[in-house]
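**Q** As a plain string of letters, each chain reads:
Number of protein chains: 2
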Amino acid sequence: MELTNIREIFRNKDKFADKEVTIGGWVRSNRNSKNFGFIVVNDGTFFEPIQVVYGNGLDNYDEVGKINVGAAIIVRGTLVLTPDAKQPFEIQAAEVTVEGASTPDYPLQKKRHTFEYLRTISHLRPRTNTFEAVFRVRSLCAYAIHKFFQERDFVYVHTPLITGSDCEGAGEMFQVTTLDLNNLPMTEEGKVDFSKDFFNKPTNLTVSGQLNGETYAMAFKNIYTFGPTFRAENSNTTRHAAEFWMIEPEIAFADLEDDMMLAESMLKYVISYVLENAPEEMAFFNNFVDKGLLDRLRNVVENDFARVTYTEAIDILSKHNDKFDYKVSWGCDLQTEHERYLTEQIYKRPVFVTDYPKEIKAFYMKLNDDGKTVAAVDCLVPGIGEIIGGSQREDDYDKLLARINELGLSEDDYKFYLDLRKYGSARHAGFGLGFERCVMYLTGMGNIRDVIPFPRTVNNCEL
Amino acid sequence: MELTNIREIFRNKDKFADKEVTIGGWVRSNRNSKNFGFIVVNDGTFFEPIQVVYGNGLDNYDEVGKINVGAAIIVRGTLVLTPDAKQPFEIQAAEVTVEGASTPDYPLQKKRHTFEYLRTISHLRPRTNTFEAVFRVRSLCAYAIHKFFQERDFVYVHTPLITGSDCEGAGEMFQVTTLDLNNLPMTEEGKVDFSKDFFNKPTNLTVSGQLNGETYAMAFKNIYTFGPTFRAENSNTTRHAAEFWMIEPEIAFADLEDDMMLAESMLKYVISYVLENAPEEMAFFNNFVDKGLLDRLRNVVENDFARVTYTEAIDILSKHNDKFDYKVSWGCDLQTEHERYLTEQIYKRPVFVTDYPKEIKAFYMKLNDDGKTVAAVDCLVPGIGEIIGGSQREDDYDKLLARINELGLSEDDYKFYLDLRKYGSARHAGFGLGFERCVMYLTGMGNIRDVIPFPRTVNNCEL
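Going down the list, the sequences are from chains B and P.
According to numbering that gives the first Met the number 0, the first sequence is numbered sequentially starting from 0.
According to numbering that gives the first Met the number 0, the second sequence is numbered sequentially starting from 0.
Do not take every clue at face value.
Given that identical chains are not distinguished, each listed pair holds provided it fits within a single copy or across any two copies.
Below, computed lysine-lysine pairings styled on DSS-like, alpha-carbon distance capped at 27 angstroms [what the hints assert, rightly or not]: (1) K85 with K109; (2) K110 with K33; (3) K146 with K267; (4) K110 with K371; (5) K200 with K190; (6) K65 with K398.
By construction, these hints were calculated from the structure, which means they are not laboratory data.
Given the sequences, and given the hints that come with them, work out the whole structure.
**A** Have a look at this one:
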């Protein structure tokens, strides 16, 4: 069908002025008197809707007057600039056709709905201002990430979702099976016989593509992953989902310093891209969701991130122990309250915390010369806390093997990973960015359920 | 580390000529005599490797001479143009440092390996020419798809992977659970008690994001998904994987004609993008994997796709029934042999087949006026057969509900989907593109296992 997107009209209004246009979209409101009426139409291509003016010259004036909120309509008319009005232009309708009616009980009437209520109608909520803005920004944010890496010749790698291994031993995992649970095949020992399962063994949903990603970094030098990741944690918070997307770049011939530079430029790039490509949405978030958002984001783009070692951070934080539920001391893991204090109160901007005690970090991180800490880095941002976690990887075969044995991991499971240190090992580093946390950070939205189209959390797997 | 990517040198050789450069990469070959030697280095950023010449002026000349294939090295030297040689330039080394050694039993010696063998070392195979080319093209192809849709203001939607529903009732599904299979909770009736499971009910891995995608198309007008999809089919073919990626655009205020135009321009765009951005890789495929590939792809870009209705196609094919294992007649589903005959023998280019009998297509497809066929379309391409399947969706509430009941589907499961036809229904259409089939088509690779970094197939879930 030959329709003009409302986005095009807003972006090139002079081109369309006084010309006939035809648009299709959904009715946000409809009010009228005896002789004329106004319909506000949104077609989803642009955050702002367009106002359609219709008069009793229309053959179907009475019918148009009764169009319900939510209906899909097609409007042919003349675009008229209205420099003195609130909206920059309107369409004076020559023809209004109902494409699909709506009903008076349409769940999204023109009034404020709570986010809680809107979560119960996840198939309709993208038709509201807030969620239209959220999910367009989510889309732009995803694209900005691809664009950033592709412009730098990184290779995008699809690491597997179903896996026979447990990357970090971290996080509870979802099992994947085709066995009939009501009629499980058993071995002679009375255990489930996984040799009858689809993959001939037990399998899970991945918690990270990093180890697979590393194998490709040792071939392509610079790679990134961008795909779904799963955690079967029974945590019902505003920041945890069972299914979320993650970006995991991995760079070879690179150390922790290169890793931090990459993370910083990526975040700045993504913020700049979204500010530039969704100005209307970002102004909306700034006005109605998170006052000060725009200032904060511009501040991030324009300034260097702060840097502090874990040991220094503990020194600083321990002077404020009276403010924390969990008191800090060297060796402890940082809680969100500590992370936020550092980035919000001490530095008032994003901060990289580096060189954590090896005991609280994963086995694959490179041991520093002190023998106590590893070349890990977390990036903390105001309002969120940790948004990125990364490290330089242990590239020494013997040290890695020792660590695997020390932790009681299976050497056999990690043979492929050890191979990377046997055949042309190279310094390399990478990080993981939780995509939803990134979208929360960019929009100011406070609940991860409100930045995922169809969120999956404990006891919740609707639609 | 301040290294120059080999890609940059190849793309801007005059800029680097006679200058000092430092590169890091992996040794493909090393041969030498008493006074000088040659190392071929690939850093993964570019398909072509670079030749390093080293002389006995190096302090570590003997050590360099013994560097094994597969080792990671850093080379500092002068880039010298060699207009009379096979390669356009070489690096005359001032310094060669071993970053990580390799061993004489490195599995990828400079000789031909079978694809079958390389599948057993999926963590190393991207270091070979063929797989370096495949996975760079895969990355570019993914990006081209995003770029195509984003340039047209489509919103990228992440539809869920874990689902409580079965989109089309099509294909066997993987179950997802956190229950302890060796100790399952049971109800009083002796069945598995899924109320104890993570999501409080049985869940599966998605086979399609389409229905979820439709809900967003009715908000944003034009959307696309790009994510993993799963089939637990026990089919051990060269074209089926248990885990693969799919692209599913959905467009509102659009019919089957719009859908076909979108599919055709998307395929042409992606082919053009890859031809332009990976000329070396594509020439390699054309020479060593699939002679005639480039001609075929250019032919696709330059010509309109053919169009034929299912009914016409059956007429045509039935005249050649002697050539087929399965004889065709109206009402039968098209097999790969028929699809390939149509696109390869009859049309010799991509062809859209439209308007299939409703019995062999999914419940959500729009019924044509004849009452017998639906507004479905498959796009068939030479060498592959079906690469895209799409349809206009049934947008009439009553007709859709009747079809759901006719097929014995649960009205309650599809309440959200019916809502889209109740509140502002609009003509809409979409299609699904199997990403791996697209990569196979672009590269000429014949086995889906060779275009997925870590393929998952029956009895195979390695790394």
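**Q** Look at each hint and say if it fits the structure.
**A** A quick look at each hint next to the structure:
1. K85 with K109: within (19 angstroms within a copy, 70 angstroms between copies)
2. K110 with K33: Answer is within; shortest intra-copy Cα gap is 25 angstroms, inter-copy 85 angstroms.
3. K146 with K267: Cα proximity of K146 and K267: in one copy and across copies (13 angstroms, 20 angstroms).
4. K110 with K371: neither (58 angstroms within a copy, 44 angstroms between copies)
5. K200 with K190: both (13 angstroms within a copy, 24 angstroms between copies)
6. K65 with K398: This pair counts as between: shortest inter-copy Cα distance 25 angstroms, intra-copy 75 angstroms.
Against the hints set out earlier in the document, a violation occurs for number 4 only.
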